[in-house]
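Q: Quick mapping for you: the protein sequence lines, in order, are chains U and G.
Just remember that the numbering used here sits 827 ahead of the position in the first sequence, which is counted from 1.
Just remember that the numbering used here sits 1 ahead of the position in the second sequence, which is counted from 1.
No lab work stands behind these hints, which were simulated from the structure alone.
All C-beta atoms, glycine included, are put in the ideal place defined by N, C-alpha and C.
Mixed in with the good hints there might be a few duds.
Claimed, not checked - Partial list, computed: chain U residues near chain G (C-beta under 10 angstroms):
| # | residue |
| --- | --- |
| 1 | Val832 |
| 2 | Ile847 |
| 3 | Ala850 |
| 4 | Arg921 |
| 5 | Ala929 |
| 6 | Gly946 |
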Amino acid sequence: MLFFVLPFSTLFGLFAVIPIAYAVVQSLFIVQRTGTFGRAREVFGGLTQYGRVFSDVPFWTSVGRVLMFGAVQVPVMLGLALLFALLLDSGLVRGRWFFRLAFFLPYAVPGVIAAIMWGYLYSPQLSPFTAVTSNVDLLSADLVLWSMANVVTWVYVGYNMLIIYSALLAIPPEIYEAAKLDGAGPVRTAISIKIPLILPALVLTTVFSIIGTLQLLAEPQVFRSFSSAVSSTYTPNLTVYSTSSVPNFNLAAAFSVVLALSIFLLSFTFLRFTQRRGIR
Amino acid sequence: MTVTVPAPVRTPSNNHGGAVQTSLLSRVVPMGIMTIAAVYVLLPLWWLLVGASKDQGQLADGNPLWFSDLRLLSNLDQLFAYRDGIFLRWMLNSLAYTGGAALLGTLLAGMCGYALAKYRFPGREVLFNVILGGVLVPATALALPLFLMFSTVHAANTFWSVFLPSLVNPFGVYLARIYAATSVPDDLMEAARIDGAGEVRTFFTVSARLMAPAFLTIFLFHFVAIWNNFLLPLIMLGNEKLFPVTLGLYTWNSQATQNPELRGLVLIGALVSIVPMIAVFLLLQRFWRGGLNAGSLK
Chain U
828 MLFFVLPFST LFGLFAVIPI AYAVVQSLFI VQRTGTFGRA REVFGGLTQY
878 GRVFSDVPFW TSVGRVLMFG AVQVPVMLGL ALLFALLLDS GLVRGRWFFR
928 LAFFLPYAVP GVIAAIMWGY LYSPQLSPFT AVTSNVDLLS ADLVLWSMAN
978 VVTWVYVGYN MLIIYSALLA IPPEIYEAAK LDGAGPVRTA ISIKIPLILP
1028 ALVLTTVFSI IGTLQLLAEP QVFRSFSSAV SSTYTPNLTV YSTSSVPNFN
1078 LAAAFSVVLA LSIFLLSFTF LRFTQRRGIR
Chain G
2 MTVTVPAPVR TPSNNHGGAV QTSLLSRVVP MGIMTIAAVY VLLPLWWLLV
52 GASKDQGQLA DGNPLWFSDL RLLSNLDQLF AYRDGIFLRW MLNSLAYTGG
102 AALLGTLLAG MCGYALAKYR FPGREVLFNV ILGGVLVPAT ALALPLFLMF
152 STVHAANTFW SVFLPSLVNP FGVYLARIYA ATSVPDDLME AARIDGAGEV
202 RTFFTVSARL MAPAFLTIFL FHFVAIWNNF LLPLIMLGNE KLFPVTLGLY
252 TWNSQATQNP ELRGLVLIGA LVSIVPMIAV FLLLQRFWRG GLNAGSLK
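Please model the complete structure; the sequences and the hints are all you need to start from.
A: This is the structure:
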């Protein structure tokens, strides 16, 4: 038994449990210097770093930004994924294998590469869509957040579609018989039968999307070289990264602890909330 | 008295959603939606292919969505020759990080999930819940403390500093546990024991085979997760010889404002970097579907 459990547990402890504990410990220290150029030494600072986190305006602005991003991007993406999955499952679409494959392809493209590619597509000098990019600055301060939302949607819509579609395929066909006898059309069947039955898959995709949104990093980091509107504190994760490269590890550790707790809380609250509504 | 049964409008297809009636409209609208969406999904990839095959000076000239002069091969030459072939090295690094860590990580997660499903031991539920909590911990929150830890033992900026943390895949344990619980019968394990096989041997000769579909699914998910992980190598690595291809292309792209010749290399590099992955996807797509379903069983 130990032979099976120990290798994973050891690595899990070393590279998941201890780092979190280490970050918590680090976040409780502050760096003190004697004089301007004196030796830096770490002294226990209690919750000093957390005080700085909570009074850090750019950080909370970035938190608000990703929450706004998620509030729009997650429903749009999952709504589209659900629509595509239902259409695939409805029997009204020919060449299902083609659509399944085509939609899934962007998932093979890492976020960084996808962001670079779309960055080119958005840039007025390089984009093939000059009619759009010469009239609308997709990289401007107003729009760049939504341009990034498009990149994330592009990468993940097919992945989510396949999760939902697989759940639809797992519904036993007999369930549809009664609906058919009652004369329910495809739309009615989808709304009254299919969607309630695949709610667990929708919950799963939502939780993963929430986690993904709050971790937004690669896209804004790449977009910094395309748009001056993306600052080094544009998303919470960018704040952690740029704080650590200043370097102020203790403050960065406090940021990441707050961030991890927020993600944990949000996913948990969502799971609890949906479970109370009778989803197993 | 005879009952007239209306002739079926359309023979039922292999799909079970079962359209009752198919008017022209209900066929055209869904096909239209799916086609537009497919264009949205595929067009950027098509543009990348076309753009990568052009003379770099011509990127902006001509029809951006159609080939002008097929320079794909000479562009490839240039990509692989640039700075003593650093790009090839990045590709091989990616293969080692993702392929190696995903293979080993899958085995470890599979063994752990198997034990959690098949053996009763004190602390089993606690361990499972802690691991499950690990699924919700954002990878980005781990990267920074990991860097600090590796720095204190002077191991940051090494191959292992990215490889070792990549081995841990709590979601894989979760999947393996679900799968082992339903697909490995206790009777069979008992039979193997009676035949004199030890627990380890039973696992590798009997159980692991039954769990093969789960192993494949875990491997695929793990592979993509490492392939997509950007922050860990970004924080951990300073030596560009150790970069995975994503980080390499990212640095080229950031330098392209000063050095515009890199633009073309970034494009062709992006194309080359995603081709192997797309090939793997196409080859393994039927396993993906099974795996995605396993993930949504809750």
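Q: Each hint needs a verdict: does it hold in this structure or not?
A: Structure-based check of all given hints:
1. Interface hint at Val832 of chain U: satisfied, since its Cβ lies 5 angstroms from the closest Cβ of chain G, which is below the 10 angstroms cut-off.
2. Against a cut-off of 10 angstroms between C-beta atoms, the interface hint on Ile847 of chain U holds, since the closest Cβ of chain G lies about 7 angstroms away.
3. Hint on Ala850 of chain U holds. Least Cβ distance to chain G is approximately 4 angstroms, under the 10 angstroms limit.
4. Among the interface hints, the one on Arg921 of chain U holds; its C-beta lies about 7 angstroms from the nearest C-beta in chain G, closer than the 10 angstroms criterion.
5. Checking Ala929 of chain U against chain G by beta carbon gives a least distance of about 5 angstroms; that is within 10 angstroms, so the hint holds.
6. The beta carbon of Gly946 of chain U comes within 8 angstroms of a beta carbon in chain G, closer than 10 angstroms, and the hint placing it at the interface holds.
Checked against the numbered hints listed earlier, the structure breaks none of them; every hint is satisfied.
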